[in-house]
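Protein chains: 2
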Amino acid sequence: MKKLGIVGGVAWPSTIDYYRAICRLSVAHHKGKSIRGPAPVPEMTIESLNINKSFSLRGSVANDDASWEAYDGYFRDALLRLERSGAEVAIIASSTPHNRFQSITRGIRIPVISIFDAVADNCAQLGITEMLILGTAPTMDMAVFSEVLARRGICGFSPARPEERAEIAALIAELYADRGEGAAQRILGVIEISFPKKGKMRAACLACTELPLAFPEMEQNTSAQIDEVLLINTTMIHAKAAFSAALQ
Amino acid sequence: MKKLGIVGGVAWPSTIDYYRAICRLSVAHHKGKSIRGPAPVPEMTIESLNINKSFSLRGSVANDDASWEAYDGYFRDALLRLERSGAEVAIIASSTPHNRFQSITRGIRIPVISIFDAVADNCAQLGITEMLILGTAPTMDMAVFSEVLARRGICGFSPARPEERAEIAALIAELYADRGEGAAQRILGVIEISFPKKGKMRAACLACTELPLAFPEMEQNTSAQIDEVLLINTTMIHAKAAFSAALQ
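Chains A and B, in that order, give the protein sequences. Heads up: the first sequence begins at 12 in the working numbering, then just goes up one per residue. Heads up: the second sequence begins at 12 in the working numbering, then just goes up one per residue.
Any given hint might turn out to be false.
[As the list claims (entries may be wrong)] Computed cross-link-like contacts, EDC-like style, restricted to lysine to aspartate or glutamate with a CA-CA straight-line distance of at most 20 angstroms:
1. Lys14/A - Glu185/B
2. Lys42/B - Asp189/A
3. Lys42/A - Glu174/B
[Said to hold, decoys possible] Take a look, some chain B residues computed to stay more than 10 angstroms from chain A by CB distance:
4. Ala22
5. Met55
6. Ile62
7. Val72
8. Ile119
9. Ala135
Because the hints were derived from the structure by calculation, they are not lab data. Every residue, glycine too, gets a C-beta built ideally from N, C-alpha and C.
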């Protein structure tokens, strides 16, 4: 198996989800094969960043390059360290930095699997044509993810009202802090309000890797249907893409 | 905070325990302080090894250096990568390699905190004078840990009968494989049989970082008293020592 590189820590609870998912996928992959000793797991290097620093380095949602320079460099340096440690393929275990993906991965020689690409491919396979995007302010306000989705014929949109946007930001902070009681119902409430048309299947993308923590029942699944809403677990889609790349 | 380096993956469930513990200690440390944004967490690099490979490279319990050369090199190379990635202090998140600690850390310039030293210091503070050691075959059969304990006036001993030693090995394998039902009771059973004298407080060291997984109630604690047995959680003692070093 190829060595995987993970830029993590933003935030750490979802880094655990990624790492556990990749390890479990490997244990499942080797099950039943005649192997001496414990099930093999790909070698990995995890560069766990300080989320307080990455948060403070965020640039403007207008997405002008100058304002994001220090942020991009913080992640690019982590990818360079992964490269030097022998990682053959890498992921950034967080949605937010993917809004700066092109700049962050500039000059990186190993392939870096984008969460936006992996999720858009998965949603296209599911036949989704319209999808609510729930994530941090950069993910909801910058057009990067919706452009990736549009290339697969999917119309991505964010909550229209500031109340729901603020609620999602609050939920992400609470889930990071190991709180988030009632988070699942609150997310479903935001989805209910944010869809203009009722009465048909709604797809909502948990496009911040903390949000799936609110739904422990979908921990191992790339998507789950709850109350007529198809929830997309971006963490698990991205982790599966990483493990597949390790096998190739 | 200093950057931490962790050699992990042996096995991955306890690497998660270490990483989660260090992150939670950092969140708790910063609680109530006026900080803008999410709670800071030390930067970390985790070199997660393939446990199947480390298992197959194990040398003889007679501890002759030649038989362990490849094993030692596998861990030493991981420490060198941590050093190159900027880690200022490192740990190996597993007991077994500590039986080869001197050889593994040869030539490493950053401090590497030994789990055996951290646990022995902690047990001496608790006033323990006699302690059952439960771990992998190398940890139970090689004299390294008991010598470290003896320097603090603690007499460490392993289960005398092959039945209990085999039971511990089976439990470690099951806990790694995410099974381990009834593991807590089975560990307590081994402890009951392995203590020659009854009727006084018994201390037992869970000296393989998988064993504390059997006692979810002690996840956050360095020790716990269960059924007149004082259980020592080596994972948590080692993780706390690492976080303290990051703060210094």
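Outcome of the hint check:
no. : hint               : verdict
1   : Lys14/A - Glu185/B : 26 angstroms, violated
2   : Lys42/B - Asp189/A : 13 angstroms, holds
3   : Lys42/A - Glu174/B : 27 angstroms, violated
4   : Ala22              : 7 angstroms, violated
5   : Met55              : 4 angstroms, violated
6   : Ile62              : 5 angstroms, violated
7   : Val72              : 16 angstroms, holds
8   : Ile119             : 15 angstroms, holds
9   : Ala135             : 32 angstroms, holds
In this structure, the hints that do not hold are numbers 1, 3, 4, 5, 6, in rising order.
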